[in-house]
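Enquirer: Single-letter residue listing:
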Amino acid sequence: MTYTAKQFALGLRNQLDMGYDVKRIADWAHGEYLCHGRSFAPEVQSVVMKIVAMDEGPQFELSEEDIRRLIADISGS
Amino acid sequence: MNVYLHVGDNPINHIDPHGLASTSANWEPGQGHNDAPYRADYSSTTREEANDLRKFQPKLPESTCSIVQNRGGGSGEEKAGAAAEHEKWANHWKSYPVTGPAVRAGEDIDAGNYGKAALNVGNAIIDGWGAGGLIRGGLRKTLISEGKEWFAAKSTGTESVNAATALQSKLSALETAQQTAARTRALPEGRIRYYGAETAASKPGPTRGASYVTEWDPKTGNVRSWMESYGQAGDVSRVHPKMINGQTVNAPHYPSTGKELGL
Numbered sequence: 001m002t003y004t005a006k007q008f009a010l011g012l013r014n015q016l017d018m019g020y021d022v023k024r025i026a027d028w029a030h031g032e033y034l035c036h037g038r039s040f041a042p043e044v045q046s047v048v049m050k051i052v053a054m055d056e057g058p059q060f061e062l063s064e065e066d067i068r069r070l071i072a073d074i075s076g077s
Numbered sequence: 001m002n003v004y005l006h007v008g009d010n011p012i013n014h015i016d017p018h019g020l021a022s023t024s025a026n027w028e029p030g031q032g033h034n035d036a037p038y039r040a041d042y043s044s045t046t047r048e049e050a051n052d053l054r055k056f057q058p059k060l061p062e063s064t065c066s067i068v069q070n071r072g073g074g075s076g077e078e079k080a081g082a083a084a085e086h087e088k089w090a091n092h093w094k095s096y097p098v099t100g101p102a103v104r105a106g107e108d109i110d111a112g113n114y115g116k117a118a119l120n121v122g123n124a125i126i127d128g129w130g131a132g133g134l135i136r137g138g139l140r141k142t143l144i145s146e147g148k149e150w151f152a153a154k155s156t157g158t159e160s161v162n163a164a165t166a167l168q169s170k171l172s173a174l175e176t177a178q179q180t181a182a183r184t185r186a187l188p189e190g191r192i193r194y195y196g197a198e199t200a201a202s203k204p205g206p207t208r209g210a211s212y213v214t215e216w217d218p219k220t221g222n223v224r225s226w227m228e229s230y231g232q233a234g235d236v237s238r239v240h241p242k243m244i245n246g247q248t249v250n251a252p253h254y255p256s257t258g259k260e261l262g263l
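So the protein sequences, as listed, match chains A and B. Take the first sequence: its position 41, counted from the start at 1, is 41 in my numbering, and no numbers get skipped. Take the second sequence: its position 257, counted from the start at 1, is 257 in my numbering, and no numbers get skipped.
Derived by calculation from the structure, the hints in this document are not laboratory data. Every value quoted in this text rests on a predicted model; they were computed, and no experiment measured them. It is possible that part of the hints are untrue.
[To be verified] Taking lysine to any residue and the SDA-like style, the derived pairs with C-alpha atoms no more than 20 Å apart in a straight line are:
{"#": "1", "chain 1": "B", "residue 1": "K259", "chain 2": "A", "residue 2": "P58"}
{"#": "2", "chain 1": "B", "residue 1": "K203", "chain 2": "A", "residue 2": "T2"}
{"#": "3", "chain 1": "A", "residue 1": "K23", "chain 2": "B", "residue 2": "Q232"}
{"#": "4", "chain 1": "A", "residue 1": "K50", "chain 2": "B", "residue 2": "T207"}
{"#": "5", "chain 1": "A", "residue 1": "K23", "chain 2": "B", "residue 2": "G262"}
{"#": "6", "chain 1": "A", "residue 1": "K50", "chain 2": "B", "residue 2": "E228"}
Construct the complete structure from the given sequences, taking the supplied hints into account.
Expert: See the structure below:
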């Protein structure tokens, strides 16, 4: 079964609702990549990696507003 | 060797995690097993049942169980009698040394282990009585604990749920990396590195972007992955281990980030 962008957006929104914590959200996204990477829809891979990379330094961090915007974008796609 | 030679009238000689006890219907006279109800109970437990801790249940004498069960009700006289009986047995168990009941120095090592297990069970009996009527629950809990230890000792590790999950993650990550790699690099010693598409930094600075790298060693089957950050010239400026053989790694960046250094 394909892991869609909407599924990822739903999980990401849940993570964000638990609080804005860059490391926790990045670790969660990495877990999603490990568990569901094989069934990612083509557009999901780059979005997931964007979230995973948030842990790599301040230059990769997305603000809470950026993440919410990203969720809205991929939910509508 | 009969490791129960010195156990005497200890009722917890029903607990036999190693399945060493005699299963003969004719209990050997003069061997210290001088408590008839316990003998009768124990003789009904076969060696196979004793070896299989999932089926193994302690068998306490009915009289003891009824005392415990009656603690919550009955007349005042009965309650007083039950309380006295409880005190008697609680003191009886507490008198055993830490090394186990009636296990003497120089005895078989199995006997020592048995003694420790039996002591745990003894403590559970005391705890069970303390809680009033929970004796069987306490015993069962202890036996489950003992059983887990026993199975862990016999385990080859392949039964671990975590191992299956890690293997699934490992293979999934490798397959994903192989299917989505933007660049592949084969190292001279046979390792293969799959570089994911570079994610651009969201803010301007010395770091240009980062890439998720998965390395597979066909000789050993090991799969590792890390994030590689690149400088503006394309040089690797920082690495961050992420996964080894399907298990996520909580490791610092190399070199450490300002946040990790507390700056």
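Enquirer: Could you tell me which of the numbered hints above are not met by this structure, giving the numbers in increasing order?
Expert: The structure breaks hints 2, 3; every other hint is satisfied.
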